[in-house]
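Number of protein chains: 2
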Amino acid sequence: MSAVSRTTSHIRNDKLERLVVGRGSSDSSKIQHAMVLESLELSLSHGSNVRSIAEEASQAIGTRSEGYTLLVPADGSSALLSANSTLGLLRGLTTFEQLWYEWSGDTYTLEAPISIADSPAYPYRGFMLDTARNFFPVADIKRTLDAMSWVKMSELHWHVVDSQSFPLEVPGFTELASKGAYSSSMVYTASDVQDIVAYAGARGIDVMVEIDTPGHTAIISASHPEYVACAQASPWADFANEPPAGQLRLASSATTNFTASLLGAVAKMFPSRVMSTGGDELNTNCYMQDAETQAELNATGRTLEQALDVFTRTTHAAIEQEGKTPAVWEEMVLDHNVTLSNETLVLVWISSANAAAVAAKNFRIVHSPSDYFYLDCGAGEWIGDDVANSWCDPFKTWQKSYTFDPLANLTEDQTHLVLGGTFIHASYSCTSAHPLSGQQLLWTEQSSPANLDSIVWPRAASSAEVFWSGPGGNLSTALPRLHDIAFRMRQRGVNAIPLQPLWCHCGLGSVISIRRAACESEILGHAMLLFCLLSCSVLL
Amino acid sequence: MSAVSRTTSHIRNDKLERLVVGRGSSDSSKIQHAMVLESLELSLSHGSNVRSIAEEASQAIGTRSEGYTLLVPADGSSALLSANSTLGLLRGLTTFEQLWYEWSGDTYTLEAPISIADSPAYPYRGFMLDTARNFFPVADIKRTLDAMSWVKMSELHWHVVDSQSFPLEVPGFTELASKGAYSSSMVYTASDVQDIVAYAGARGIDVMVEIDTPGHTAIISASHPEYVACAQASPWADFANEPPAGQLRLASSATTNFTASLLGAVAKMFPSRVMSTGGDELNTNCYMQDAETQAELNATGRTLEQALDVFTRTTHAAIEQEGKTPAVWEEMVLDHNVTLSNETLVLVWISSANAAAVAAKNFRIVHSPSDYFYLDCGAGEWIGDDVANSWCDPFKTWQKSYTFDPLANLTEDQTHLVLGGTFIHASYSCTSAHPLSGQQLLWTEQSSPANLDSIVWPRAASSAEVFWSGPGGNLSTALPRLHDIAFRMRQRGVNAIPLQPLWCHCGLGSVISIRRAACESEILGHAMLLFCLLSCSVLL
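The listed protein sequences correspond, in order, to chains A and B. Under the numbering used here, the letters of the first sequence match residues 359 to 898, in that order. Under the numbering used here, the letters of the second sequence match residues 359 to 898, in that order.
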């Protein structure tokens with residue numbers, strides 16, 4: 359079981375000395391008298407069928423089994439990890455591998471006996487990556503999936519294409535990438551997609567792909583100019599929220615059918631039960647100025663909104679036919695009047711306050727608010743010669759994200775609508791259990807492989823914790839966990855930044871740290887040595 | 359000459375295709391008919407003595423010879439790079455190696471004939487790195503020096519120690535690092551320092567070390583508690599601007615003599631003619647509450663300001679004895695009443711507006727203003743559980759830095775006082791010539807090797823250009839140069855981020871770019887092929 363071998367590798371290689379004054383030196387005597395844990399048993403209680411981790415992770419959101427119990431007795435007898443699914447065992451291993459510190463060659467914990475009954479508060483704990491503004495090689499996406507799995511995230515929302523480039527090779531529609539990718543080397547082939555999906559699945563992560571329509575599609579004009587209104591129109595600001603302008607001719611049946619076929623073909627590439635059709639930032643002026651759209655509307659006697667409804671129903675039917683539930687950005691519910699299944703996932707992004715309006719319409723919510731979870735905010739404006747700062751200033755700190763309340767402004771009977779969020783939700787803490795959802799997002803106008811890790815980690819781990827453990831956590835006690843996971847990430851090849859000077863990671867000098875009290879308070883139990891690095895037994 | 363071999367290596371390996379629509383495809387026919395440049399001659403006109411690049415780079419600020427002329431005829435005859443110093447030749451090579459693009463195996467420029475007479479507007483074009491809040495291995499500092507040299511920066515301001523850690527091994531004072539470094543592996547040995555200084559010197563960069571005194575010295579209490587007032591005092595905010603509290607007992611003659619000896623020993627490690635003694639953020643309350651300081655003041659009949667004057671004169675004398683001119687932060691001039699040589703460099707940091715007050719006192723200025731050049735701003739507060747953003751919000755964009763005016767608020771007869779700034783000043787543009795100074799700064803509470811490159815590059819190149827070419831540059835025409843240098847940096851191993859989607863780097867798809875006009879306007883001359891990659895002749 360590769361998850362077990364990854365866990366043993368992490369335990370062997372993390373070598374994290376406790377981030378306290380003197381590191382592990384004050385633990386020495388405890389370590390000398392500690393009991394030795396020689397094995398961890400894995401127990402899978404299942405009903406009729408056993409699914410692989412990947413199969414379980416791609417079940418419908420809300421039906422995946424992720425809970426586990428972990429018992430580490432203080433007397434040195436075998437530890438036990440139990441779950442009802444392989445995915446639950448994976449989550450438990452992820453907790454187990456983060457219990458341990460290193461000192462002087464010993465691997466130990468101070469928390470024995472350990473008894474954890476854990477399951478996520480929210481099923482959708484996501485991270486969104488935009489690979490259209492700037493391209494990210496497969497290796498970068500895999501590294502991101504690794505880090506996501508360490509904080510028990512469940513969903514990669516892959517905003518794969520946009521107006522600037524079309525890096526996805528779609529069977530039957532290969533001209534889109536061959537004409538629309540930044541270069542022939544900046545393409546995700548069908549086999550790359552399989553590779554990414556399998557890699558994600560093995561780590562308990564479902565991949566929800568997004569083909570944003572009808573806006574954000576200028577690049578389609580490179581191969582299919584007939585389907586795109588106001589392509590390259592100038593000044594772009596009159597026709598789009600960011601350059602270049604260009605939107606699918608939603609009133610055209612030819613364009614609608616093309617889009618439906620394309621979405622159907624993309625749907626076949628991904629095992630996930632959800633797929634996003636986008637729907638954000640539709641520019642009305644673009645269609646007003648487009649003679650062909652106006653002619654279509656006149657010919658059919660439809661308003662633009664009526665045409666959008668036909669477009670949406672047709673394209674959603676195409677992915678529903680492939681077994682997918684659609685996801686859309688909030689405008690499709692709040693600004694437009696289109697027919698949507700109430701199963702539809704609605705991504706609330708403009709403001710966290712808008713979740714209430716979406717809930718009032720009885721749609722399921724994935725919290726993706728720009729005022730809490732946009733990792734790209736606060737890095738300056740990217741539109742050329744503008745000295746202003748970014749539209750979504752300021753920078754979203756980990757503290758801001760950590761204080762997000764998924765149920766704010768919702769009534770008691772609306773809480774079941776919250777699936778999660780796209781902030782990253784780190785659960786190296788192993789508390790509580792009550793179900794919700796959210797995700798953190800990286801739009802990549804100013805990101806590339808050069809700063810992917812540093813802009814995301816460990817910041818995004820704070821929302822990961824919100825959506826696994828539930829909101830209301832204490833910032834002071836969360837911070838040492840963030841320091842811990844950042845160290846482990848760096849050991850494992852992810853370039854997480856320090857959130858504070860090393861000195862604050864509990865005071866490594868002789869100077870008493872501002873954080874010492876918080877860290878010391880974490881020591882709850884007795885020392886326990888781990889000697890089972892390579893011999894954890896698996897009982898399936 | 360290793361500078362020549364670096365240039366040939368860069369020309370061979372950059373392989374930068376022009377960042378325009380279709381990349382170099384539209385240049386193909388021009389390339390086919392281009393003349394071939396087969397050699398570049400280097401000509402050094404000198405007087406009595408020839409200095410190495412490193413020797414020239416460590417001359418007193420304002421006396422270094424950095425100018426050069428570069429002629430690339432259109433007829434294919436030999437190109438000529440002339441300078442009055444080896445340092446000037448280095449600057450010229452740095453320009454030469456950035457003239458070239460790659461297409462289909464050819465290395466070419468579109469700007470022949472080229473005639474450049476270039477010299478810096480300001481002699482001090484700096485970058486400040488803090489290695490105390492978080493540690494940076496030698497390799498990271500060298501990589502930063504590489505990038506600095508590519509944008510013709512002249513000064514590394516090395517804020518090597520601070521209250522959190524003392525990573526500098528000082529001969530005769532090794533206890534400071536052995537007790538005060540984060541760990542024994544997080545120390546710059548004397549041999550590391552030699553290595554860094556030599557590496558910088560070969561790249562035309564002087565290293566100005568800073569031992570910040572009398573504040574920002576809490577960590578000295580780890581080895582010399584007797585010299586430090588209010589060490590670890592709580593709450594720290596009553597005694598220091600950031601934790602941990604602790605300042606040298608400036609009224610004590612023992613502490614003053616210790617500090618003077620330490621500064622003298624550090625001065626011996628660096629060939630530079632300048633050295634910073636700090637002097638920022640002195641906390642008066644710390645000394646008010648310190649019984650020993652109060653006793654000293656009573657015994658000597660001095661006020662705190664008078665004691666500070668003695669301390670400053672004594673410590674400055676120690677470094678002046680080693681041939682160094684002191685540099686200080688602005689408070690030493692604006693908030694205190696100490697005796698300073700008018701040769702002293704004053705680092706203006708609190709606000710760019712304070713340059714006028716420093717100039718009024720007739721001190722030489724290094725622009726380091728937090729409102730323009732602090733690279734760390736806008737990334738959130740690092741003090742634990744505070745949800746607020748950083749004290750110096752917002753993020754300083756490249757556009758903000760680029761619009762900095764070194765002479766703002768100064769009178770005509772004060773302009774000679776401006777030495778430069780610590781923003782990074784990139785001069786792949788090769789314009790103008792009128793002398794000044796400034797630097798960009800990275801405080802590292804939230805930085806580490808994980809985000810060093812991405813937080814600094816290419817942003818800092820914008821101030822590098824301000825201080826080489828002079829202020830008033832056009833943002834729209836600067837942006838393509840920043841894209842170019844960012845690409846070259848990545849090719850050369852520095853993880854510079856994209857400032858825009860790749861699409862904006864002149865529109866790589868078939869969609870016309872918002873930046874296309876700016877890029878096309880750069881094509882000034884004829885095509886010229888370069889075949890001298892390995893055979894540039896050196897005539898010294």
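FYI, nobody ran anything at the bench for these hints, they're computed from the structure. Treat the hints with care, since some could be wrong.
If chains are identical, the list can't say which one is meant, so a pair holds when it fits in one copy or spans any two.
As a list, the in silico BS3-like pairs of lysine-lysine whose alpha-carbon atoms are at most 30 Å apart [what the hints assert, rightly or not]:
hint, residue 1, residue 2
1, Lys388, Lys626
2, Lys537, Lys388
3, Lys373, Lys500
4, Lys373, Lys537
5, Lys719, Lys537
6, Lys719, Lys388
7, Lys719, Lys373
8, Lys500, Lys388
9, Lys373, Lys626
10, Lys719, Lys500
11, Lys537, Lys626
Since the model is a prediction, treat every value here as computed from it, not as a measurement.
Hints, one by one, checked against the model:
1. Lys388 with Lys626: Neither, since 56 Å and 46 Å both go past 30 Å.
2. Lys537 with Lys388: between (64 Å within a copy, 25 Å between copies)
3. Lys373 with Lys500: both (23 Å within a copy, 27 Å between copies)
4. Lys373 with Lys537: Classified as between: cross-chain Cα gap 23 Å, same-chain 48 Å, threshold 30 Å.
5. Lys719 with Lys537: neither (40 Å within a copy, 63 Å between copies)
6. Lys719 with Lys388: Neither, since 57 Å and 62 Å both go past 30 Å.
7. Lys719 with Lys373: For lysine 719 and lysine 373, neither the intra-copy (50 Å) nor the inter-copy (55 Å) Cα distance is at most 30 Å.
8. Lys500 with Lys388: For lysine 500 and lysine 388, the Cα distance exceeds 30 Å both inside one copy (39 Å) and across copies (42 Å).
9. Lys373 with Lys626: neither (42 Å within a copy, 38 Å between copies)
10. Lys719 with Lys500: neither (37 Å within a copy, 58 Å between copies)
11. Lys537 with Lys626: within (22 Å within a copy, 61 Å between copies)
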